[in-house]
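Q: Could you put together the complete structure from these sequences and hints?
Quick note on numbering that gives the first Met the number 0: the sequence shown kicks off at 0 and runs consecutively.
These aren't lab readings, by the way, just hints derived from the structure by calculation.
Here the structure is a predicted model, which means the values were calculated and not measured.
Here a beta-carbon is modelled for each residue, glycine too, at the ideal position from N, C-alpha and C.
It is possible that part of the hints are untrue.
Listed next, with one range per pair, are the computed distances between beta-carbon atoms [as the list claims (entries may be wrong)]:
id	residue 1	residue 2	range
1	Thr205	Ser137	22 to 30 angstroms
2	Ile116	Ser137	44 to 52 angstroms
3	Glu52	Thr96	14 to 22 angstroms
4	Asn219	Val41	42 to 50 angstroms
5	Thr182	Asn142	47 to 55 angstroms
6	Thr205	Ile116	45 to 53 angstroms
7	Val203	Asp78	50 to 58 angstroms
8	Ser137	Asp94	25 to 33 angstroms
9	Thr182	Gly232	16 to 24 angstroms
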Amino acid sequence: MKNLQVLILIGFSILALPSELSAQFCEGAHSSSLDDSWLSCVETQNPNPDRSEGHWILYDFGDYYELNQSHFWNYNVMDETDRGVATMIVDWSIDGTTWSWWGDINLEQAPGSNSYIGEAGPDFDGLVVRYLLLSVASNHGGNCYGFSELRLDVNPGVVNIDEISVASFNFGLHPNPATNHATIQIESFSDTRVNLFSPVGTLVATYHPNSETTRLDLRNLASGAYLVEVINGSGEISTQRLNVIR
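A: Shown next, in the form of structure tokens:
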């Protein structure tokens, strides 16, 4: 397993990446060198408590990013390509604690040649994450598990409004994470306004509570980390993160 604090990725938005992330450019063929691959031969505890011990790799982006098109190069070491991933489980997280399952990815066995160009992976359609966890479910018959490289096209996915570090007042927000609806509970709701911002800072909806509880409609929202901003009648502001999962 590996816990990557330095992420290897490239994309059309590579210039938007923070300086602590490095980029490895691989525009086509991938080498068959062991040094250019990730390999796990010992099972370890998975960061996602819902997963059993196994072989996994965790990417920490260091901030929120929109994930789009991906490209994979499977384990390409000559005469060892059966170690390459056949199926991997993809989980994502905003905070590294609460995990959501995205889906499974199937990869073809690599040829073990220097002309290997990999294969297109899934398009994550702008999914906003900080952590991406790949857990290997099966390989092509080898005694270890690995792949050579993952390429991701990314965009910044940070809420770009000021967040209050110390709340002026408290409000309830549940469930969180949420899927279709979430409920806000505010004791003093008179003249209160609730704003819901997308992961990139766009105002998605505004609510004017007429009772202590207000229901947020999330059914048409994509997965990601949203920001709930509550402004009370005195102009005081309080915010909370709301994770929407699909």
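Q: Going through the numbered hints above, which ones does this structure break? Give me the numbers in ascending order.
A: 1 and 2
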